[in-house]
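**Q** In case you want the letters, here they are:
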Amino acid sequence: MNLIDIRNMSIELKTGTKPIFAVDRVNLTMKEGEVRGLVGESGSGKSLLAQAIVGVLDEKWRVDADRFHWRGNDLMRLSPAERKAIISKDVAMIFQEPMACLDPTTTIGEQLEEAVDVEQLTGFFWQKRQQRKQAAINLLHKVGIKKHEVCVKSFPHQLTDALCQRVMIAMALARRPMLLIADEPTAAMESTNQGQIFRLLASLNQLKNMSILLISHDLENVTHWTNNITVMYSGQFVEAGTTEQIFNQPYHPYTRALVDSSPKANRMIPNKSRLMTLPGSIPILQHLPIGCRLGPRCPRAQQKCVHAPKIKNFHSHQVSCHFPLKDSYS
Amino acid sequence: MSDVLLQVVDLSKVYKDKNYWFNQKCVTALEPLSFDIMAHKTLAIVGETGSGKSTVAKLLVGAELPTTGHIRLNGQTLEPGNFKQRCQHVRMIFQDSGTTLNPSLTIEQLLDEPLRLNTGLDEIERHQLIRETLHKVGLLADHMSFYPHMFSGGQKQRISLARAIILKPQVIILDEALASLDPSLRSQMINLLLDLQQQMGLAFILISHNLGIVRHFSDEMMVLSKGKVLEFGKTADILQKPKHKYTKKLIMSQRFQLLYR
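Going down the list, the protein sequences come from chains Z and L.
Going by our numbering, the letters in the first sequence line up with residues 1 to 330, in that order.
Going by our numbering, the letters in the second sequence line up with residues 331 to 591, in that order.
What the hints contain is simulated information worked out from the structure, not anything from laboratory work.
Treat each hint with caution, since some may be false.
Okay, the calculated bits of chain L under chain Z, using three or more residues with CB under 8 Å as the criterion [claimed, not checked]:
| hint | segment |
| --- | --- |
| 1 | 476-486 |
| 2 | 510-519 |
| 3 | 535-546 |
| 4 | 571-583 |
Here are a few chain Z residues that sit away from chain L, every Cβ distance over 12 Å (derived from the structure) [unchecked claim]:
| hint | residue |
| --- | --- |
| 5 | M76 |
| 6 | A100 |
| 7 | V152 |
| 8 | A257 |
| 9 | R300 |
| 10 | K312 |
DMTMM-like cross-link-like pairs, simulated, lysine to aspartate or glutamate; straight-line CA separation at most 25 Å [claimed, not checked]:
| hint | chain 1 | residue 1 | chain 2 | residue 2 |
| --- | --- | --- | --- | --- |
| 11 | Z | K147 | L | D340 |
| 12 | L | K579 | Z | D161 |
| 13 | L | K498 | L | E443 |
| 14 | L | K355 | L | D340 |
| 15 | Z | K128 | Z | D117 |
| 16 | L | K579 | Z | D218 |
| 17 | L | K571 | Z | E190 |
Quick reminder that beta carbons are idealized off the backbone N, C-alpha and C, glycines included.
Could you build the full structure based on these sequences and the hints that come with them?
**A** This is how it looks when you write it as structure tokens:
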């Protein structure tokens, strides 16, 4: 059974004149125990999508979807309170800058104890305090922090970035979620620390069968850690498939350009040669092109591209393009 | 081509804690290091935070005074504190271009400032030069009357680049200038930098932790850790046969992500 199943989700910014579709009909499905990468450049609406799943968007945004199922439950039909109950029990999210997300005025221990689920504590009321403390320490052990005595007493600014991110993950684990949404967990981190965090997430995925939605702006960073990848561009669905399919045989011109433009991925290209790029830059929200939003930058664009393409499915490799690069690989 | 453009001899930096008279604590940010750069070449400096790579950049542009050592440009010593001489030849691009551009000035005023302070050109010549420079970095002359907030991230980075090359420098220091850009903009920027290097014979000092870019972009590289130079040599050699344990770790942490695909 699919853990989460989203069809044609649109997120609309309410404005005075006409609404702007910041996310335009995006599909996302995840199975249990899957690690899925959600890749897109800044402004492609990937964080918005994550926030819409967790349900933390405010009044300015309107979320609409043809289908939004969580383990078979239709979330669109439930009332906001019921939806919140389901989501807050099973979904947790970690954010980009761990230092900025932790409370700088309280110690790590107190913040962790706050996150501990009351229902997991068994015992009489005089035992609860001790149990809560123990639960916080256990959480720290789970994310691989062995020196818990020092850690619980320290404030966020006394820890390094990677340790803070571990603490964030520990808090996210407090309610034993089934899905962890990691919104650029390693942006602005050293490469050695990045490896630590990714390894921790991978081990959680394997040991606890926790699904992870890994959001990143850089395709090359996530490829090693994901089973499947969904690519977005400017709020539109581009391509989805297994990591090998996306990386070795991208069907969409945009994914192709992403793969080609990373110097790390193509180890064959000679030193100091020109890299392949798309012309121009990402359109801003006020001036979105009609139809396929890649249109003005796309090397294969034709007249047909002013209409948004339908999603084509080649052996569970979905691509949203009128002229997929399918033939060029056979 | 074979003569040395920038020569750095025994450059080091020690920070002193001024609070105590007795048992003054010294923090060695950078131990003595020496290197040469030719025109048309790129030197990459790699290391973790706190390894002293930003200190090198600050010393080279003159934002900090070196404790020992000196810097020679074309055989001429760059005096510490003589910014008139230095800022014409050594320019720097910062990581976050959005915050390094003055939001209350138009692009023309922004680019006019270094010209007014450093050259004797009159208004028409300056205007012409700004126009040409903008064209060189792939922007239009119309953009002159725009303010920084009207540009996207990639265009802002181009403006910082225009500000760096407008005085026709010989050395440009890129302090993590490519880190915060999106992948497609980053490769555009790399192409632009490579083109400019060909045309103007610039020498780049690239400070980065993305080894993919370093491999593609640089001729020589230097690995720093805790202020010490661990390895220094041709980029291809170091990446193929790293000698030091730290370098191996650094390469492994980035390479394994893709190698086994």
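**Q** All hints, please: hold or fail.
**A** Verification of the supplied hints:
Remark: the segment 476-486 of chain L is confirmed as covered by chain Z, as 4 of its residues place a Cβ nearer than 8 Å to a Cβ of that chain, reaching the required three. Residues of the segment 510-519 of chain L with a Cβ under 8 Å from some Cβ of chain Z number 7, which satisfies the need for three, so the listed coverage holds. With 7 residues having a Cβ less than 8 Å from any Cβ of chain Z, the segment 535-546 of chain L passes the three-residue criterion, so the hint holds. For the segment 571-583 of chain L, the stated coverage by chain Z holds: 3 residues have a C-beta nearer than 8 Å to a C-beta of that chain, and at least 3 were required.
The non-interface label for M76(Z) is consistent with chain L: the shortest C-beta to C-beta separation is roughly 32 Å, beyond 12 Å. Look at A100(Z): its CB is around 15 Å from the nearest CB on chain L, clear of 12 Å, so calling it non-interface holds up. Every beta carbon of chain L lies more than 12 Å from that of V152(Z), the smallest distance being close to 25 Å; the non-interface claim holds. Not every CB of chain L lies more than 12 Å from the CB of A257(Z), the least distance being 6 Å, so the non-interface label is violated.
With a minimum CB-CB distance of about 16 Å to chain L, R300(Z) clears the 12 Å threshold, and the non-interface call stands. In this structure K312(Z) is separated from chain L by more than 12 Å, as the shortest Cβ-Cβ distance comes to about 23 Å. A hinted pair counts as satisfied when its Cα atoms are at most 25 Å apart, and K147(Z) with D340(L) does not qualify at roughly 41 Å. Only pairs whose Cα atoms come within 25 Å are accepted, and K579(L) paired with D161(Z) is accepted, the gap being roughly 19 Å.
Between K498(L) and E443(L) the alpha-carbon distance is near 14 Å, which keeps this suggested pair within the 25 Å criterion. For the proposed pair K355(L) and D340(L), the alpha carbon gap of about 22 Å is at most 25 Å, so the pair holds. At most 25 Å may separate the alpha-carbon atoms for a hinted pair to count; K128(Z) and D117(Z) meet this at roughly 11 Å. Proposed proximity of K579(L) and D218(Z) is supported: the alpha carbons are some 22 Å apart, at most 25 Å.
The suggested pairing of K571(L) with E190(Z) holds, with an alpha-carbon distance near 22 Å, which does not exceed 25 Å.
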